[in-house]
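Go ahead and model the full structure; you've got the sequences and the hints to work with.
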Amino acid sequence: MAKKVEQQNKKLCVTLVKSTAGRLVKQQRTVQALGLKKLHQSVTVDDTPAMRGMINVVSHLVTVTEA
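Letter by letter, the sequence shown follows residues 18 to 84 in my numbering.
Since the hints were made in silico from the structure, they are not lab data. One should not assume that every hint holds.
[Claimed, not checked] Computed list of lysine-lysine pairs in DSS-like fashion (alpha-carbon distance at most 25 Å, straight line): (1) K27 with K54; (2) K28 with K54; (3) K55 with K43; (4) K28 with K55; (5) K43 with K54.
Here's what the structure looks like:
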């Protein structure tokens, strides 16, 4: 049998630093899906490929640090 590989749940701290006003609807919804509502608000999310993709779409609006 194959052994299960335990992964540590790495976290990323995402902070909204630029407004979504005047941005594409896709970018506005991505910021909303990340859980960000106001400027300078921070959320902690799991470091998964899906989250990395969402962050990549709005990389010019957010800053990311490892939590």
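Structure-based check of all given hints:
no.	hint	in the structure
1	K27 with K54	holds (23 Å)
2	K28 with K54	holds (20 Å)
3	K55 with K43	holds (17 Å)
4	K28 with K55	holds (21 Å)
5	K43 with K54	holds (15 Å)
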